[in-house]
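**Student:** This is what each chain is made of:
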Amino acid sequence: MSILHIVNKSPYERNSVALAVDYMRDGDTLLLIEDAVYTVMQGGKAASIIDGQKAIVLGPDLAARGIAKEKMIDGVEVVDYAGFVDLVEASDKTQSWL
Amino acid sequence: MKLTVQVNEGPYQHQASDSAYHFTKAALEKGHEIFRVFFYHDGVNNGTRLTTPPQDDRNVVARWSELAEKNDLDLVICVAAAQRRGIVDEGEAERNGKDATNIAPGFRISGLGQLIEGGIQSDRLVVFGD
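Chains as they are written, first to last, in the working numbering: chain A, 1 to 98; chain B, 99 to 228.
Hints in this document: simulated from the structure, not taken from any laboratory. Just so it is clear, the structure is predicted and the values come from calculations on it, not from any experiment. There could be a bad hint or two in this list.
Okay, the calculated beta carbon distance ranges per label pair [what the hints assert, rightly or not]:
1) A:64 to B:148: 36 to 46 Å
2) B:199 to A:90: 35 to 45 Å
3) A:90 to B:200: 38 to 48 Å
Below 30 Å or equal to it, Euclidean Cα-Cα: the simulated DSS-like pairs (lysine-lysine) are [claimed, not checked]:
4) B:123 to B:168
5) B:123 to A:69
6) B:128 to B:100
7) A:71 to A:54
8) B:128 to A:54
9) A:54 to B:100
10) A:54 to B:123
11) A:45 to A:69
12) B:100 to B:123
13) B:128 to A:93
14) B:128 to B:168
15) B:168 to B:100
16) A:69 to A:54
17) B:100 to A:93
18) A:93 to B:196
19) A:71 to A:45
20) B:168 to A:69
21) B:168 to A:93
22) A:93 to A:54
Ideal placement from N, C-alpha and C gives every residue a C-beta, glycine not left out.
With the rest of the complex left out, here is chain B:
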């Protein structure tokens, strides 16, 4: 089965990102294909590499990055939601005149069309949010 997962909430504020992570991991372990994980609304906050959670707490951002690296996942951050919340890659920094980037490894910034494509190309779309 081919899946797209949508995450609408940021880390530590709500369980959505944790649930989405565990679901995605379980799907991969069962041999399913994750076509894309799309981070929307406050979910874009899952993609900043500048978070430093306490060492005895889970690192939600790093966990996504590691899962992406291991499984060649496509982690997509919605551009309009990212601009509002200050999630920046090199292209966005240049386009909007910002002096820094903060996007985490394995994530990329793109448009809402990527979510629609995920819905069309996948057998199932599973949404996690508040």
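If we strip away everything but chain A, and leave its shape as in the complex, we get:
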């Protein structure tokens, strides 16, 4: 049973990203949207939360916040809304960490 964990809160505002990571099991996927995209900013104190975790980030929300590719930590996968839909399909269920 794989779960797509969708987080939309900045890690500098709430602890949803850390909480989702704690709850994730093998085969689960983490998708960062809206203000949660701030997690992948290079040099940010929160970037270490997703250390060793495969993180996927919504591209349009990165662009809306001016986070360019060179400002991101390594190993982050960027998807568009079509990719978001594919991730939902690839998991058995979704959990939005509101």
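Fit chain B to the given chain A structure using the hints.
**Tutor:** Same frame as chain A, but now just chain B:
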């Protein structure tokens, strides 16, 4: 894949409705079926046709109505949340003695059972909110 989308926040206050719209649109473009979009809590404010955003801004309400018309979407507004916030269709106006309606085209007011049914009938339920 059959999807139900839940929207818990109103337009312009939070990104939830925008995210839900773009997700829904992308799913339709990929050929997936949207079983229902359910507007809950402040999300019911997405269903008033009386909003007039500036012309150079996106019209969140009209955008949902247009997507619904084009794709025959079922946009459902939670009745209890709607009553609290003054989202009214003809049936509700009559039942509660109101002198006007404001529901936007493509939306309908119904109960929470519609959300549960969406969850049961769909392959995935995706929630957008604050």
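**Student:** Each of the hints needs a verdict: does it hold here or not?
**Tutor:** Hint check:
no.	hint	in the structure
1	A:64 to B:148: 36 to 46 Å	violated, 28 Å
2	B:199 to A:90: 35 to 45 Å	holds, 42 Å
3	A:90 to B:200: 38 to 48 Å	holds, 40 Å
4	B:123 to B:168	holds, 11 Å
5	B:123 to A:69	holds, 26 Å
6	B:128 to B:100	holds, 12 Å
7	A:71 to A:54	holds, 18 Å
8	B:128 to A:54	holds, 25 Å
9	A:54 to B:100	holds, 27 Å
10	A:54 to B:123	holds, 26 Å
11	A:45 to A:69	holds, 18 Å
12	B:100 to B:123	holds, 14 Å
13	B:128 to A:93	holds, 19 Å
14	B:128 to B:168	holds, 15 Å
15	B:168 to B:100	holds, 18 Å
16	A:69 to A:54	holds, 17 Å
17	B:100 to A:93	holds, 12 Å
18	A:93 to B:196	violated, 41 Å
19	A:71 to A:45	holds, 14 Å
20	B:168 to A:69	violated, 35 Å
21	B:168 to A:93	holds, 28 Å
22	A:93 to A:54	holds, 18 Å
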